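Starting from the given sequences, assemble the full structure and let the hints guide the process.
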Amino acid sequence: MRFAGPAALAVMTAALVACAPSEGPEDSVAAQQKPPGTPTAAPETVRTVTPSPLPRPRPAEVHSVTAADLGTTWRPECPVPPDALRRVDLDYWGFDGRTHRGRLVVHRELTDEVVDVFADLHRLRFPIEKMHTADLYPGADDELSMRDNNTSAFNCRDIPGTGSWSLHAYGRAVDINPKLNPYIDRRGEFQPANAGPWVDRARTEPGMLHDGDAAVRAFTDRGWRWGGHWRTPLDYQHFEFD
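Taking mature numbering (1 follows the signal peptide of the UniProt record, and there is no 0), I'd label the letters of the sequence shown as residues -20 to -1, 1 to 222.
Just so you know, the hints here were simulated from the structure itself, not pulled from any lab data.
Simulated restraints, written as ranges between beta carbons of each label pair:
{"id": "1", "residue 1": "R137", "residue 2": "T46", "range": "16 to 24 Å"}
{"id": "2", "residue 1": "T46", "residue 2": "W145", "range": "19 to 27 Å"}
{"id": "3", "residue 1": "R166", "residue 2": "R205", "range": "12 to 20 Å"}
{"id": "4", "residue 1": "R205", "residue 2": "D138", "range": "16 to 24 Å"}
{"id": "5", "residue 1": "D63", "residue 2": "G168", "range": "38 to 46 Å"}
{"id": "6", "residue 1": "P140", "residue 2": "P177", "range": "17 to 25 Å"}
{"id": "7", "residue 1": "V42", "residue 2": "T79", "range": "14 to 22 Å"}
{"id": "8", "residue 1": "T184", "residue 2": "P62", "range": "35 to 43 Å"}
{"id": "9", "residue 1": "T184", "residue 2": "A47", "range": "39 to 47 Å"}
{"id": "10", "residue 1": "R88", "residue 2": "R36", "range": "22 to 30 Å"}
Please read all numbers here as calculations on a predicted model, not as lab measurements.
Glycine included, C-beta positions come from ideal geometry on N, C-alpha and C.
The structure is reproduced here in structure tokens:
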């Protein structure tokens, strides 16, 4: 059939539209996709971060001492001579999360024990604020050392109010973080004078010592006695071995 003029053009256009393939759902989705050749992002890689192992403490060093080395912590009437004592230089874990070097003077029979105990404390990341020999403080004043939260051992002094030598005078006792772990007598009076907040043993803070703690057991499992187990006085800072 032949058509002429505008009518023929309309018929031809309608025929072309009818013959064109219709767009299905798959074509619609494809149209929304990125053009061919667009790179696909690789799946995100998941990394497992393993914490760095705690550095091993440096080997402890044990040194003999003289009366001059001991300074104001020793005097001739003390119950042990200087040659019965040793200075132990060892690493400890600080409140800043770092390893520090400190020193204690102890009886020569206890050096291996002390080295092992403090290696355990370091492994446990039990924080110690500082560790100086008591002669750093004027007159080797124990109250000043305790107020400074200083961990120490030998100091030729007596048990307050008794006139008897303390085991510190034999190098057989260690006080740990004394401000956080105060001495409390039967009247409730405590030392050091700035330890008031830590008389409350319901508090649990880094550096405090409580019954059953791994830090306490580092001593007691080796036969040391802890003053926190006493009935009166209570001496939470104090460990002794005789």
